[in-house]
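**Q** Residue numbers (my numbering), protein chains in the order written: chain A, 61 to 536; chain B, 358 to 458.
Calculated from the structure, these hints are not laboratory results. There's no promise every hint is true.
As the list claims (entries may be wrong) - Cβ-to-Cβ under 7 Å is the rule here; a few derived chain A residues that face chain B:
| # | residue |
| --- | --- |
| 1 | Thr213 |
| 2 | Met221 |
| 3 | Tyr228 |
| 4 | Gly247 |
Every residue, glycine too, gets a C-beta built ideally from N, C-alpha and C.
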Amino acid sequence: MELSLFAPELIALLGGLVLFAAPILGAGSATTWRLAVLAGSATFAGAVWSLPLSGEAFSPGIYYVDAFSQGVKVVVSLGYLLVVLGAREPVTLKAHAWSELPLFVLLASVGMMMMVSATELLTLYIAMELAAYPVYIAIALHRNPAIGGESSTKYMVQGMMASAVSLYGMSFLYGLAGSTYFEAITGQMGALSSTPLFWFGIILLLAGFLFKLAALPFHFWAPDTYEVSPHEVITFVASVSKVAAIAVLCRIMSLVMPAGMDACSVQNVLMWFAVGAMTLGNLAALRQSDLKRLLGYSAVAHAGYALIGVQAMSANGLTSALFYAVGYAAMSLICFLVVATVGRDQDRVSVEAMSGLWQRSPSMALVFLVGLLGLIGLPPTVGFIGKWFLFSAAIEQGQFVLVLVAAINATIALYYYLLVLRQIYLVDAPTDAAPLRWTPALALSAGVGSIVVVAMGVVPSPIWDQAAAAVATLLH
Amino acid sequence: MTLEMYLLLSAVLFSLGLFAALSQRNLIAVLIGVELMMNAASLNFMAFNRFSVTDPATGQVFVLIIIGLAAAEVAIFLSIILNLYRQRHTIDAESITELRR
Numbered sequence: 061m062e063l064s065l066f067a068p069e070l071i072a073l074l075g076g077l078v079l080f081a082a083p084i085l086g087a088g089s090a091t092t093w094r095l096a097v098l099a100g101s102a103t104f105a106g107a108v109w110s111l112p113l114s115g116e117a118f119s120p121g122i123y124y125v126d127a128f129s130q131g132v133k134v135v136v137s138l139g140y141l142l143v144v145l146g147a148r149e150p151v152t153l154k155a156h157a158w159s160e161l162p163l164f165v166l167l168a169s170v171g172m173m174m175m176v177s178a179t180e181l182l183t184l185y186i187a188m189e190l191a192a193y194p195v196y197i198a199i200a201l202h203r204n205p206a207i208g209g210e211s212s213t214k215y216m217v218q219g220m221m222a223s224a225v226s227l228y229g230m231s232f233l234y235g236l237a238g239s240t241y242f243e244a245i246t247g248q249m250g251a252l253s254s255t256p257l258f259w260f261g262i263i264l265l266l267a268g269f270l271f272k273l274a275a276l277p278f279h280f281w282a283p284d285t286y287e288v289s290p291h292e293v294i295t296f297v298a299s300v301s302k303v304a305a306i307a308v309l310c311r312i313m314s315l316v317m318p319a320g321m322d323a324c325s326v327q328n329v330l331m332w333f334a335v336g337a338m339t340l341g342n343l344a345a346l347r348q349s350d351l352k353r354l355l356g357y358s359a360v361a362h363a364g365y366a367l368i369g370v371q372a373m374s375a376n377g378l379t380s381a382l383f384y385a386v387g388y389a390a391m392s393l394i395c396f397l398v399v400a401t402v403g404r405d406q407d408r409v410s411v412e413a414m415s416g417l418w419q420r421s422p423s424m425a426l427v428f429l430v431g432l433l434g435l436i437g438l439p440p441t442v443g444f445i446g447k448w449f450l451f452s453a454a455i456e457q458g459q460f461v462l463v464l465v466a467a468i469n470a471t472i473a474l475y476y477y478l479l480v481l482r483q484i485y486l487v488d489a490p491t492d493a494a495p496l497r498w499t500p501a502l503a504l505s506a507g508v509g510s511i512v513v514v515a516m517g518v519v520p521s522p523i524w525d526q527a528a529a530a531v532a533t534l535l536h
Numbered sequence: 358m359t360l361e362m363y364l365l366l367s368a369v370l371f372s373l374g375l376f377a378a379l380s381q382r383n384l385i386a387v388l389i390g391v392e393l394m395m396n397a398a399s400l401n402f403m404a405f406n407r408f409s410v411t412d413p414a415t416g417q418v419f420v421l422i423i424i425g426l427a428a429a430e431v432a433i434f435l436s437i438i439l440n441l442y443r444q445r446h447t448i449d450a451e452s453i454t455e456l457r458r
């Protein structure tokens with residue numbers, strides 16, 4: 061057992077202890093927030109430091125530390141830091157919960173960091189639940205208990221069902237392989253791949269992560285939960301957890317890829333989920349007047365795009381999915397940071413609330429523009445180049461029809477994103493609307509996010525190479 | 358009893374749980390449905406552990422941890438439901454429709 065390999069998670073857990081103790085010892089929400097930023101920075105530094113490390117932190121086969129896991133941990137910890145920077149005064153939360161929010165979000169981040177390293181079913185299950193429970197609670201912290209209770213209940217019922225389905229799938233994998241270790245499962249792939257029950261188990265196992273991704277058929281929570289969750293919580297759910305979910309999907313795919321043609325059933329299922337998620341997300345988003353709900357359906361659609369890369373079942377496919385997930389997290393983050401600022405003291409944020417945003421704060425409108433261009437998929441943002449990678453990975457596999465469907469979907473999506481842009485730039489702000497101001501922390505967070513979105517679009521190669529190296533370690 | 362019997366039993370349990378979770382209006386009943394699904398998985402683990410797996414410890418440890426996590430889950434879910442009940446005086450999923458359009 062080597063603790064240095066566990067450093068980022070350990071730092072985050074220590075930070076969690078501090079954040080747990082601080083309010084009890086009488087620290088106000090401002091102090092707790094500073095501690096949370098400190099914990100986030102330390103975790104991020106730890107993750108960057110651990111980037112070149114590789115090995116196994118605990119007994120063999122349970123917890124891999126490699127380029128893949130550490131790369132995703134850097135993204136998750138950076139995401140946590142940016143979300144917390146934007147959550148200085150989470151007005152949509154109960155006042156007494158202001159100092160509790162960073163703790164729950166940090167614990168969920170730890171769960172996600174452990175999820176991408178887990179290479180054993182039990183570890184994966186525990187990490188998955190650790191990533192989920194704190195978010196259930198954080199959503200329920202809404203200042204209006206009725207709204208918080210309702211959206212949290214909806215999210216949690218579906219989350220519990222998805223994780224129970226995953227668990228049921230795990231039981232078959234355990235029974236057939238005789239072991240909970242991924243290594244053992246890959247080792248017996250020759251015998252397992254001819255068993256239909258094995259593929260049934262793998263598909264069920266995917267459920268928990270499709271839920272986190274808000275992909276079909278576990279997308280029902282997305283619009284409701286996005287609409288009324290506290291802004292800061294949903295910023296986290298909409299950005300960081302998608303990266304972790306895609307990373308685990310990549311890990312599971314790399315597990316079954318050696319089976320080659322036998323893996324077609326999983327590939328087929330994922331392809332239909334991708335098509336369904338894209339189409340349903342985009343069509344449903346067309347008639348939304350609530351901006352957060354619209355972004356919720358857009359998240360369903362983007363889960364569909366990312367699944368294109370996962371179902372391609374090639375090194376390029378997994379790399380493009382990982383790349384797109386990182387890019388999507390950044391786009392989604394900056395959109396929600398602006399939404400949270402504009403609708404600061406409202407439970408819901410309608411599209412109309414964005415009217416004349418460029419008059420109220422030109423820089424905020426610019427950040428939102430960058431985010432929306434990314435979501436639409438226009439250059440020079442990562443939305444364009446990421447989709448390009450995804451589509452070319454699918455074309456390599458000869459899936460022209462799938463790419464055509466995705467392209468048609470991207471065109472449909474243009475319509476509702478442009479409606480939002482029209483509100484921002486062409487409609488005048490109401491006369492009583494106050495100009496919006498950045499706080500330094502928020503500006504830093506949105507600035508970093510926007511730079512990531514544009515930089516990954518203009519010079520994709522550094523992140524792409526990193527993602528390709530990560531996927532290469534995954535596939536050995 | 359053979360392994361197949363256990364697997365069949367757990368499949369029935371799982372289906373019943375899924376049906377309850379999807380169809381019941383009372384949130385407590387939904388919770389019971391989800392618990393049934395998790396118990397079906399536990400039963401699978403124990404059955405495989407008994408009949409087909411050489412290492413006898415893994416499945417049992419897995420089931421113990423499932424029980425622990427399920428308890429944590431129930432605690433969180435019940436506290437959220439309780440909070441909801443204080444506001445609405447109902448835990449009927451059909452009548453909690455603030456969000457529905």
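**Q** Tell me the hint numbers this structure goes against, listed in increasing order.
**A** 4
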